[in-house]
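Heads up: the sequence shown begins at 8 in our numbering, then just goes up one per residue.
Derived from the structure by calculation, the hints contain no laboratory data.
It is possible that part of the hints are untrue.
[Stated by the list, open to error] Straight-line alpha carbon distances no greater than 35 Å define the calculated DSBU-like cross-link-like pairs of lysine-lysine that follow:
hint : residue 1 : residue 2
1    : Lys98     : Lys173
2    : Lys189    : Lys98
3    : Lys77     : Lys192
4    : Lys101    : Lys173
5    : Lys140    : Lys75
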Amino acid sequence: MPRKARLIAVGYPHYVTQRGNNRQQIFLNDRDRENYVALLQEHSKECLCSVYAYCLMENHVHLVLFPKRKYSLAKMMQKISLRYTQYFNNKYRKTGRLWECRFHSAIVDPAEYLWAVCRYAERNPCRQRIVVKAQDYPWSSARFRYSDEHNKYVKQFLKTFEGQQKYAEYLNEYDNPDDVQKIRKSAISSLPIGSDEFIISIERITGISLKRRPRGRPPKKITE
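Can you build the whole structure from these sequences, using the hints too?
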């Protein structure tokens, strides 16, 4: 059975997650994380795909990306995945697959959910109880929301948006359970993150039906 085509909308933010194969660790030390951030910086420019947020965990990554061309997002992720796998396997003398088969992606409503999705990505270390405040985690974009600190990679590629100071305050508010649930479900199903009206607008743009269907068998028709 052919796999489902990835849903991409040029000019809209996309929430992207990618895990290690069988949930294996993909970052064993800070040098590994530095390498991934460098690849993110390099290929975001090359593939015309802006980075709004990122968070590197032990066995997965969270990204909020803004593709400027139809091919931008898939090409960028393909290049990063391939090159990081080559780096990792060569360094640790391993062979075979490092990542899951495909990364997950979901189009984000920029007006209603961009901040919520960026916060969801950057607060992952808080939900995992690694840090109390998001900006204290060294391997996410959150730390750069609160200060002028930057490294040679982030300065060049991390996209900032309007209301940066307000977002920094919003970042460490308690997670909204409804937002968290919606983002998680949409990420798994690859459905857009937004209102029903937003999903309808994406259907018009892409020409693809995105109706949510209940799981399981359809109900039997009752005949009299």
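Hint by hint, here is what the structure shows:
1. Lys98 with Lys173: At roughly 41 Å apart (the allowed maximum being 35 Å), Lys173 and Lys98 break the hint.
2. Lys189 with Lys98: violated (38 Å)
3. Lys77 with Lys192: holds (24 Å)
4. Lys101 with Lys173: Measuring from Cα to Cα gives roughly 45 Å; hence the hint is violated.
5. Lys140 with Lys75: Holds, at about 32 Å.
This entry does not satisfy hints 1, 2 and 4, going by the numbered hints stated previously.
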